[in-house]
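A.B. asks: Dock chain Z against the given chain U, drawing on the hints supplied.
So the chains spell out like this:
There are 2 protein chains.
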Amino acid sequence: MNVLLTNIKQLLQVRDSRVTNLKGAAMKELPTLENAWLLIENGVIHNYGDMVATPTGSFDKTIDCSGKIVLPSWCDSHTHIVFAGNREQEFVDRINGLSYQEIAEKGGGILNSARKLQETGEDDLYMQSAKRLEEVMKLGTGAIEIKSGYGLTKEAEMKMLRVAKRLDKAYPVTVKTTFLGAHAVPEKFKDKKEDYIQLICDEMLPAVSAEGLADYVDVFCEDGYFSVEDTDKILTAANKYGLVPKIHVNQFNSIGGVSVGVKHKALTVDHLEIVSDDDIRELQHSETMPVALPACSFFLGIPYTPGRALIDAGLPLAIATDYNPGSSPTGNMNFVVAAACIKMNLTPEEAINAATVNAAYAMGLSKTHGSITKGKKANLIITKEIPSYGFLPYSFGSNCIDSVICNGELL
Amino acid sequence: MNVLLTNIKQLLQVRDSRVTNLKGAAMKELPTLENAWLLIENGVIHNYGDMVATPTGSFDKTIDCSGKIVLPSWCDSHTHIVFAGNREQEFVDRINGLSYQEIAEKGGGILNSARKLQETGEDDLYMQSAKRLEEVMKLGTGAIEIKSGYGLTKEAEMKMLRVAKRLDKAYPVTVKTTFLGAHAVPEKFKDKKEDYIQLICDEMLPAVSAEGLADYVDVFCEDGYFSVEDTDKILTAANKYGLVPKIHVNQFNSIGGVSVGVKHKALTVDHLEIVSDDDIRELQHSETMPVALPACSFFLGIPYTPGRALIDAGLPLAIATDYNPGSSPTGNMNFVVAAACIKMNLTPEEAINAATVNAAYAMGLSKTHGSITKGKKANLIITKEIPSYGFLPYSFGSNCIDSVICNGELL
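Those protein sequences? They're chains U and Z, same order as listed.
Each residue of the first sequence is one higher than the one before, starting from 180 at the first, in this note's numbering.
Each residue of the second sequence is one higher than the one before, starting from 180 at the first, in this note's numbering.
If you're looking for bench data, these hints aren't it; they were derived computationally from the structure.
You can trust all of the hints, since none of them are fake.
Any copy, or any two copies together, can satisfy a pair, since identical chains are not distinguished.
Under the rule of at most 27 angstroms between Cα atoms (straight-line distance), these lysine-lysine pairs were calculated in the DSSO-like manner:
#, residue 1, residue 2
1, 285, 522
2, 412, 371
3, 285, 207
4, 563, 310
5, 188, 310
6, 563, 317
7, 188, 295
8, 333, 371
9, 563, 295
10, 285, 188
11, 295, 371
12, 188, 240
13, 344, 295
14, 444, 546
15, 367, 333
16, 444, 412
17, 333, 412
The following block holds chain U by itself, in its conformation from the complex (with noise of 0.2 angstroms):
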């Protein structure tokens, strides 16, 4: 099967295999072929070049891309789509007043979100989480990272792993799993945190890495949530596993997050709402990618990162949705490079590098996503007709995609 892609106004993000990451000025360069073709073959790049040399033979498509813009699908590497049921309630109980005690007595907060999950069976649980992922992939979302954190029992926990997997296996989009045991101390576990952590530890860790069901973990590593100590604790004996963190830290506080995940080799630091000088310097000296969710400042109406100040230190930056029922109720990744440039100034060549080449390694996926690269997937988001890609993020309100290839299939 080959699919022959011709008249690309513009093929954004052409690189070399060699580039994983990008930090700091380097950030704001866009690698751009203008009036080009794009051969896809068997569901990868297989080459790219200028017009005036079209690949010559026989195609079993030919797409044509006049007027339209094509760049490498998001990567969005922090979400939470697996759940059961919405929070729209608690959403407008917060507009009218409610206190965050009478929201959850009315049946909000992550803690309800998790007694709701765990009376989901799993087939429900998956027709639910696969019709946002089925949105989510129109809107140009190529790869994706899907936390556990809504269960908070061994049981629920790996329900949601097995639910994110099958997602991977069912849809032609790249899923990445991360273990969140530690999104939310438990009703039960109340004033035994220390127990509850050491469940994490000693039975559901074990669990999870028998069955393969995670790639990365993650901690919630906030005041009132995760200690600095206890972060540190179930990051060790995640190790032990070979889970990589990617961890949730500075969202509201600075306290410490940031060092120890660079202690235990993070593969991302993320949300940084509040960052300290000390933490730019921490990242100045590691190779964990911060990342930015834009949605969710959006959302609660909290400080955005400060994603300028963080690439003008000289770091990298990727740049995800957050998307969960509480705090981020969206999977638009359009919408969360628009947020990047609108609120966090970056440039569009800043946020694009942001959502896709930094956003794959986000997630550990730099030899096969984020970029047009021989060789690397043909997961590609095809614009309608607009003059530039700075209409991109210009044009908040609008959806720009014409159509989206996964895996070389045009959705």
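C.D. replies: Chain Z alone, transformed into the frame defined by chain U:
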């Protein structure tokens, strides 16, 4: 031609024809019919009711709305969608830290939009604008106000309004037009603002009126643009031609724009990012509708209109997109409804009322638009299968619209 909608999960905004606008606490109510049918005849809402008693007879078309919510189309009472070219480069320049002066020198700002518009032929301008109108119709907008204001010469202002009138004739959406000659002072009148105001009053207004091109008159009443005295003069002149004011006030400063608007019985005062207690008192003793433009606040990073405070003070409120190339490059009313909830703390009921009933009032369309009322235009949004109408603002990054009916036609 008749069309029957059956099995509607919820029919929203079912109102008596006497309800023309909602103030204060009344905005919290959204009258709803569960499990309903609705019959369209010859482009108007003929009748509706409970599925226990569905109408019998034969219908040209029957649409099954199982699991779906039906509501009146959005009315977008403040846009500038007739413009030439886009300004995404200016957006990028702003991110890159260019000053206003540098951006203007590179070809940005209203005055440069005006130059571009003056150079664009009427047919080209029509084609560019029609594309935008088609997009927003698919996003659920069933009535739209369009302003001039990028012409700034008699000829160019009239060209813009003629294009808006052509759009009204060519599309099923209802278009209202507003003459905004006083959008900015043109370069050639730089130190002779009084002369430009004279030109507006003595030449533009008579010409616009003679051709019947405008329903309303608008002025950008703001420091550095047109003063309260300038505004008073223009509105007084417009009054002779029967043009009711809908004016730009309080975007950056509260300089008395609300007061001069109320004095001239303005139908609406729009923007209101900065509101004083005096402004609120003026509005409490008027029939003038305040209009908030949250997409502009999002894009520019300026304060959101204190919509919550206005409603709590017993006022009505409408919301609109402000679609324009410089400060709000979106015509997506769904985003505006979401942002009104997320950023201005309106409940879903208040935001939907602000975008339908009150928005119809804000463009003089109370008799025909803005609610599910027998005899009103069949301008309807049919949502996808969603759990509740609160899901519309909650899932701010999703397109929840399944289909749109405009003037009885399924788009």
